[in-house]
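Student: Place chain B with the ligands on chain A using the hints.
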Amino acid sequence: MPPDAPAPPAVTVERLVVERGGRTVLRDVSAAVPTGSVTGLLGPSGSGKTTLIRSIVGTQKVKSGTVTVLGEPAGSKRLRSRVAYVTQDASIYPDLSVKSNVAYFASLYGRDRRDAAAAIEAVGMHDHAERLAANLSGGQKTRTSLACALVCDPEVLVLDEPTVGLDPVIREELWAQFHGLASTGRTLLVSSHVMDEADRCDRLLLVREGRFIADDTPAGLRSATGTEDLESAFLHLIRAQDGSR
Amino acid sequence: MSPRITLITAGRILRQLLNDRRTVALILAVPALIMALISAIMEDSPEMFDRVGLILLGVFPFTIMFLLTSITMQRERTAGTLERLMTTPTAKMDLVGGYAIAFGTCAAAQTGVAAAVAYLWLGLDTAGSAWAVLLIAIATSVFGMALGLLVSAFAATEFQAVQFMPVLIIPQIFLCGLIWPREEMAGWLQGVSDALPLTYAVKALQQVQASSDLTAEMWGDLGIVAGAAVVATVLGAATLRRRTG
Ligand SMILES: Nc1ncnc2c1ncn2[C@@H]1O[C@H](COP(=O)(O)OP(=O)(O)O)[C@@H](O)[C@H]1O
Ligand SMILES: [Mg+2]
Numbered sequence: 006m007p008p009d010a011p012a013p014p015a016v017t018v019e020r021l022v023v024e025r026g027g028r029t030v031l032r033d034v035s036a037a038v039p040t041g042s043v044t045g046l047l048g049p050s051g052s053g054k055t056t057l058i059r060s061i062v063g064t065q066k067v068k069s070g071t072v073t074v075l076g077e078p079a080g081s082k083r084l085r086s087r088v089a090y091v092t093q094d095a096s097i098y099p100d101l102s103v104k105s106n107v108a109y110f111a112s113l114y115g116r117d118r119r120d121a122a123a124a125i126e127a128v129g130m131h132d133h134a135e136r137l138a139a140n141l142s143g144g145q146k147t148r149t150s151l152a153c154a155l156v157c158d159p160e161v162l163v164l165d166e167p168t169v170g171l172d173p174v175i176r177e178e179l180w181a182q183f184h185g186l187a188s189t190g191r192t193l194l195v196s197s198h199v200m201d202e203a204d205r206c207d208r209l210l211l212v213r214e215g216r217f218i219a220d221d222t223p224a225g226l227r228s229a230t231g232t233e234d235l236e237s238a239f240l241h242l243i244r245a246q247d248g249s250r
Numbered sequence: 032m033s034p035r036i037t038l039i040t041a042g043r044i045l046r047q048l049l050n051d052r053r054t055v056a057l058i059l060a061v062p063a064l065i066m067a068l069i070s071a072i073m074e075d076s077p078e079m080f081d082r083v084g085l086i087l088l089g090v091f092p093f094t095i096m097f098l099l100t101s102i103t104m105q106r107e108r109t110a111g112t113l114e115r116l117m118t119t120p121t122a123k124m125d126l127v128g129g130y131a132i133a134f135g136t137c138a139a140a141q142t143g144v145a146a147a148v149a150y151l152w153l154g155l156d157t158a159g160s161a162w163a164v165l166l167i168a169i170a171t172s173v174f175g176m177a178l179g180l181l182v183s184a185f186a187a188t189e190f191q192a193v194q195f196m197p198v199l200i201i202p203q204i205f206l207c208g209l210i211w212p213r214e215e216m217a218g219w220l221q222g223v224s225d226a227l228p229l230t231y232a233v234k235a236l237q238q239v240q241a242s243s244d245l246t247a248e249m250w251g252d253l254g255i256v257a258g259a260a261v262v263a264t265v266l267g268a269a270t271l272r273r274r275t276g
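Quick note, the sequences are listed as chains A and B, same order. Residues in the first sequence are numbered consecutively from 6, following the working numbering. Residues in the second sequence are numbered consecutively from 32, following the working numbering.
Please note that the accuracy of each hint is not assured.
[Stated by the list, open to error] With a straight-line cut-off of 20 Å between C-alpha atoms, the simulated SDA-like cross-links for lysine to any residue are:
id, chain 1, residue 1, chain 2, residue 2
1, A, LYS68, B, GLY276
2, B, LYS123, A, TYR114
3, A, LYS66, B, ALA269
4, A, LYS66, B, THR275
5, A, LYS66, B, GLY111
6, A, LYS82, B, PRO120
[Unchecked claim] Under 7 Å between C-beta atoms, here's a sample of chain A residues computed to sit facing chain B:
id, residue
7, THR64
8, LYS66
9, TYR90
10, THR92
11, ASP94
12, LEU113
Just so you know, the hints here were simulated from the structure itself, not pulled from any lab data. We treat Cβ as the ideally placed atom computed from N, Cα and C, and that holds for glycine.
Bound-form chain B, shown alone:
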């Protein structure tokens, strides 16, 4: 693995994204607009918006980076560029690292805009710092990126890649505490929820909500998200084969 080639790869992926102006506009604007919509819906209950809006700041980059990575990587596999890269000095971890840096950067920009709108304009209120929210959102997005990398190996087409979202992403969103408090779920559902990494991203965000300090519990939950991102990345990298049949 070479840091130089990893950065070159990240640069190439970002350039691909930037060449697609409409996608860039959608990535940056849509989460902010949805935050505004949610805030309007919950106009009479700002505490509710504080809870839901904050969780959404973690859920958006997770979902979007999953989609972007699974499609970009699926294209790379079927267009032959992956095979070609495997004959160049690019190591598998350079490619995976490049994806993580590129989509992590993208998530930072997306969360930056959405968080700015939420905090400055929609009156989102947390006891802890917005920077902690940004950090959690980036770690969660890298986990989404890694899941995307993984599913790209099992998708023969872009259409199939997108179909993995209801399988891998939506259950995590439903069970993470966004639509229903975890404590009020049936015991077995709480058990499932405990096994899903997005749950810990939400718990970390709730720590930022409740406490003005960076609590040990928040770092622990963030550590679990980061660990899940690393495991998924390694599994995703294992699906990249230099030699195929």
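The following block holds chain A by itself, in its conformation from the complex:
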């Protein structure tokens, strides 16, 4: 590849259809997540964000369509140390300390104690490292869960609503960290159901009722809809979609 050719997208979703509990949850969606960026996956609760994320990390049964991550089919064996997933509800062991949780995931990825300590530091949990996860607040659990993913230094990091319920200062720090990772070529896909996070993303995928209603940059979205804030842009798009039915 010539040095200035754009890198291929880290994640490509093509004509994906997913059914859950007999209902179609993702309806023929296609999108690409550019390498080395922070892409926001925004949409109301129940719109299909988690389902899309699960399809990308390879834990969701899909009806049809393809999901390709770093050139491989989603969920394939070789991706398992290159893609990390932070679930919506903190998936950590309540009966282990913060340190033991992160050290466990570190060792699964072949990383050592120093990497674990660095990941704990990066999410600001170093003062609580010895505490049992069961005794942490919701935000602290989320950060511990995030550290368990950061510790593998993944090429693709998929985060499902990682900033819900966090202190604004920590939220600010995490977003700065996400952009820091993206600037070193890592790809991040971050879901959120609050539009005020949209402006922090390089690109936005807006999802509603299992369909993408926009795939653009925040600036592009503003000019396309002629609105100033992204909340109104989203509303504008929803009305346009409902009107065209």
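Tutor: Frame of chain A; chain B with the ligands shown alone:
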């Protein structure tokens, strides 16, 4: 499958257990105390204690490891850690192997304490070696572990997981020869008993009781228990799904 990740997984499960001091104390002390109780009840009939106490050394780790595994695995499934592990380099057999090693170790410790109390303090007498008893107890506990793994797939809650004990464990205990000699049971009950793996653990223990050598019959019965453990483990592993709906 990777031996490294299997051992890391076993280490994590043991650490979870060790963090729960009360459970550790109960696991180690309760079987020994019940042995003491049984020995007191059968004070006037040491031959009876030799028979019943010995069988209990196999029945305890079988039952306890079933309970511990079904609850731990049920939690792992509902807390999202299983889904998360399925996106890491952990293979299904690493997870199952980790459970087997962790709970096998736990059973060895439990049986070690109970057998020490029974042999050294309560005067349990067998012609064969206590080491053979330990070996049989560990194999039986791995069978219990595997059954626990299997039922965790069919239990939506921890409460349901525990309810499988009267279904899968208690009939084996009643029919294995502990509460009534097998030869005195009705023919059809003997037939059912012949089909239950715990029966062979008890037969192996009775061989240790009767013979100072490790008899071929004992190895054959132990082989059946080990085979049942392998089959149940494979079935349990088959219930772990990387992709779910
Ligand atoms: N395990 C499940 N079984 C059946 N339906 C589900 C399941 N999980 C989610 N759904 C449904 O799929 C749709 C999308 O859910 P989800 O992807 O979790 O949305 P979001 O993450 O955007 O809130 C919702 O209508 C939800 O009710
Ligand atoms: Mg969700």
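Student: Which constraints among the numbered hints does this structure fail? Numbers only, ascending.
Tutor: none
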